[in-house]
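Peer 1: Sequence:
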Amino acid sequence: MNDQPLIDGYHHDDLRRTRSAMQSIIPVSTGLARGVERLLPQLAGRVQAKAIRVPTTNVSAIDLTISTQRPVSAHSINALLGNAARGPLKRLVAYSEAAHASIDFNHDPHSAIVDGSQTRTAGTHLVNLFVWFDNEWGFANRMLEVADHWSQLWQTRWPQNPT
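Its first residue numbered 1, the sequence shown is counted upward by one per residue in UniProt numbering.
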């Protein structure tokens, strides 16, 4: 949101983005769907995304709706995501049912924090999830993990000569 004016003023062709960042909720375009399709080509043409700029200093959220092939319940989805957060994805994903707001996730190292209290279903094949993330801190933590991984590879291939 670093290019959003703090008071109403000229920005560019998108008139919504000329409005005050501190007093407005502003729908803006996002390249998220294209990014997901690049990472998961099997989802090409099946993903839509939109973004809303809100006056917060940090932390964002995803309101994600998924159509499933098999019948599901909010309880089964929360159990699955909670187990993943306690298991193999624990460094990347967290799970919470606490009554938190965005500020509570500032500097959270996870890439995604599933808010289980907000999981909803419509029928048995449509699930809505709410996921918090501190995109800067989470990203920085992932980059540290990548650097650590490369460092370990380097040390394995070219160990220090004890001379």
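Keep in mind the hints are simulated off the structure, nothing from the lab.
Check each hint, because a few of them may be wrong.
Claimed, not checked - Pair by pair, the computed Cβ-Cβ distance ranges are:
| # | residue 1 | residue 2 | range |
| --- | --- | --- | --- |
| 1 | Ala84 | Leu153 | 50 to 56 Å |
| 2 | His75 | Thr156 | 39 to 45 Å |
| 3 | Leu153 | Leu92 | 19 to 25 Å |
| 4 | His75 | Trp154 | 42 to 48 Å |
| 5 | Asp148 | Gly87 | 17 to 23 Å |
| 6 | Leu153 | Ile103 | 33 to 39 Å |
| 7 | Ala84 | Ala140 | 38 to 44 Å |
| 8 | Met22 | Leu80 | 35 to 41 Å |
| 9 | Ala140 | Arg46 | 39 to 45 Å |
| 10 | His149 | His107 | 44 to 50 Å |
| 11 | Arg46 | His75 | 23 to 29 Å |
| 12 | Leu153 | Ile52 | 20 to 26 Å |
For every residue, glycine included, the Cβ atom is placed at its ideal position computed from N, Cα and C.
Peer 1: Give a verdict on every hint.
Peer 2: Quick rundown of the hints versus the structure:
no. : hint                        : in the structure
1   : Ala84 / Leu153: 50 to 56 Å  : violated (26 Å)
2   : His75 / Thr156: 39 to 45 Å  : holds (44 Å)
3   : Leu153 / Leu92: 19 to 25 Å  : holds (20 Å)
4   : His75 / Trp154: 42 to 48 Å  : holds (45 Å)
5   : Asp148 / Gly87: 17 to 23 Å  : holds (21 Å)
6   : Leu153 / Ile103: 33 to 39 Å : holds (38 Å)
7   : Ala84 / Ala140: 38 to 44 Å  : violated (22 Å)
8   : Met22 / Leu80: 35 to 41 Å   : holds (39 Å)
9   : Ala140 / Arg46: 39 to 45 Å  : violated (31 Å)
10  : His149 / His107: 44 to 50 Å : violated (22 Å)
11  : Arg46 / His75: 23 to 29 Å   : holds (26 Å)
12  : Leu153 / Ile52: 20 to 26 Å  : violated (40 Å)
Consistency with the previously given hints fails for numbers 1, 7, 9, 10, 12, ordered from lowest to highest.
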